Every structure is written in C-alpha cells, then in structure tokens.
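Participant: Residue 176 is where the sequence shown starts when you use this note's numbering, and the numbers rise one by one after that.
Keep in mind the hints are simulated off the structure, nothing from the lab.
Only a predicted model underlies this, so the values are computations on that prediction, with no experimental measurement involved.
Backbone N, C-alpha and C fix where the C-beta goes; we use that ideal spot for every residue, glycine too.
Treat the hints loosely; a few may be bogus.
Claimed, not checked - So the derived label-pair ranges between C-beta atoms look like this:
(1) GLY218 / GLN329: 46 to 52 Å
(2) ALA237 / SER211: 15 to 21 Å
(3) ALA351 / ALA183: 45 to 51 Å
(4) THR347 / ARG275: 35 to 41 Å
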Amino acid sequence: MSDADCVAFLQWALPCIQMRWRGFRRVSKQVCKRLSRRLRELGLEDLNDYRVHLEAHRGEWAVLGYLCRITISRFYRDRAVFDTLRDPALPALGRGILARGDTTIRCWSAGCASGEEPYSLRLAWDLDASRHVPGVELLVVATDIDDHLLERAQIACYPPGSLRELPPEWITAAFARVDDSLCLRAEFRTGIEFVREDIRSEMPSGPFDLVLCRNLVFTYFEQDVQVRLLERMLHRLVAGGLLVLGGHEALPEGAWPLDRPYGALPIHRRVG
176 MSDADCVAFL QWALPCIQMR WRGFRRVSKQ VCKRLSRRLR ELGLEDLNDY
226 RVHLEAHRGE WAVLGYLCRI TISRFYRDRA VFDTLRDPAL PALGRGILAR
276 GDTTIRCWSA GCASGEEPYS LRLAWDLDAS RHVPGVELLV VATDIDDHLL
326 ERAQIACYPP GSLRELPPEW ITAAFARVDD SLCLRAEFRT GIEFVREDIR
376 SEMPSGPFDL VLCRNLVFTY FEQDVQVRLL ERMLHRLVAG GLLVLGGHEA
426 LPEGAWPLDR PYGALPIHRR VG
C-alpha cells in the first residue's frame, strides 16, 4: 500500500463515518499502518478490495472507525492550559460555586483515553488549586469509546515519558514506581468516574462547570457534527462554565454564547 493510495482511501472513507481528512493529515501514517494490518487479516490485496469489502459488509464500517481512533495522550498536555486551569481558572470556578451556595466543581473530560487528562485535572486541583477555595470538592466524569483505554485508565500506571510535562514535585508526591511504570497513588484517583460513551450519540447529563473536549470533536469530526455536538455541550455547561479545546482547535462558525477570558488560550467561557 502506497502512502498516496492510503491518503486517497481516507479522503473517500472518512466522510462516510462523519470524520474529516483535515484532522488526520498529521497522523495518517498511524492509521495507514492499521489499515495494512487489517488487509492482511482479511486476506485482501489492496485498498480497492477493502473498499468493495466495506460496501458489501456494513459492519466493517465500525471496524474502520476503530482503526481511525487517535489516542495520543500524556499528562499535563498543553502546559499553558493546565497552568491556567490550576490558577486562576479552577479557583475562580470554585469561588463562583460557593457564591451560588454549592460546594462541588463538576467536570467532564471527553475522549479521556487512558486517563491522563482527568488525572492531570485531579492533580492540579489536589496539589495546588484547592488551597485557594477550601471547602470545595472536584468531581470528574471521564468518557471514551474505547474499553481497552478505559481499563488502562482504571489501572493508572504509565511509562515515565507520559509524565514528562508534570511538575517534578507532583510526580514525587502522587506516583509510585512499579517495575518500569509510574502508578498513580490511590488518593489521587478519587472523585473520577470512567464511563464508556461514543460522544456522537451519548453524553453525560451534566450540568458541568468545566468541559474538556480536546483534540477530538473539533479535530476529527465533520463540521455539521461539530455544530451538533457543540450545541449539546453548551446545553450541559452552566453560565460562567468553561469549555476547553485543544491547542490547535477552533470552534465551528456560529454565534456561540462564549467568550475568551484567558486571552489566546483555547479556554472558552459560557456567557448568559
């Protein structure tokens, strides 16, 4: 399979599963390797044969969707975003919650992969932000479509390279070495619920004060899907709540009730 053949196939196939080629340009080689393995499993000669196979076996589209999942993740990814969340964003959310007579910041991590993102949020809260608003707790619902990744998240053991962006003192405080892995201590796994959901058809009910939807919807999905899912996210986001995107993502065009309280960072606040 040549790179050109794989690109041409993806440009045809991705819109059929509500995804867009633009989001896959940087990671296409990863998907092409998976496609090569799938052709060998099926005993097919090339991608033309696979296209015929897809059109004859509708269930294969779900397999293709699985092959196109990108699961790049690490702790504290986009350091400037997490630095801003730990202070001032999370403390500001906490003060707003206390002002309305509540004591819980409710968060949703969409596309949580192996748990690095929700656990980073937990660490940012427990090891720093919570001291600014005593009496407030943080709860996280973390969702992903991949059962295998969610199982890894529950185990919470990671290669050291996955932690390279965390403050070193946090690694010392929160992780224990087990063989070649660093495993998150039990006290930093509390308040996080992992749930299997396909964001295209399911979302936790909310309401949420903070939604992290990074490097998923606004990278890989078609524009009309982005609009539909953003509307559903905003329905779950409280006034003054924050929606965090990936560093290279942008909202679809539209008059969304959102502003940017932290400058150029991809942190949007629900207004009104």
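Participant: Does each hint hold? Answer for all of them.
Facilitator: Status of the hints after comparison with the structure:
1. GLY218 / GLN329: 46 to 52 Å: With Cβ atoms ~36 Å apart, the hint is violated.
2. ALA237 / SER211: 15 to 21 Å: holds, 19 Å
3. ALA351 / ALA183: 45 to 51 Å: Since ALA351 and ALA183 have Cβ atoms about 48 Å apart, the given range 45 to 51 Å holds.
4. THR347 / ARG275: 35 to 41 Å: The hinted range 35 to 41 Å holds for THR347 and ARG275, with Cβ atoms some 36 Å apart.
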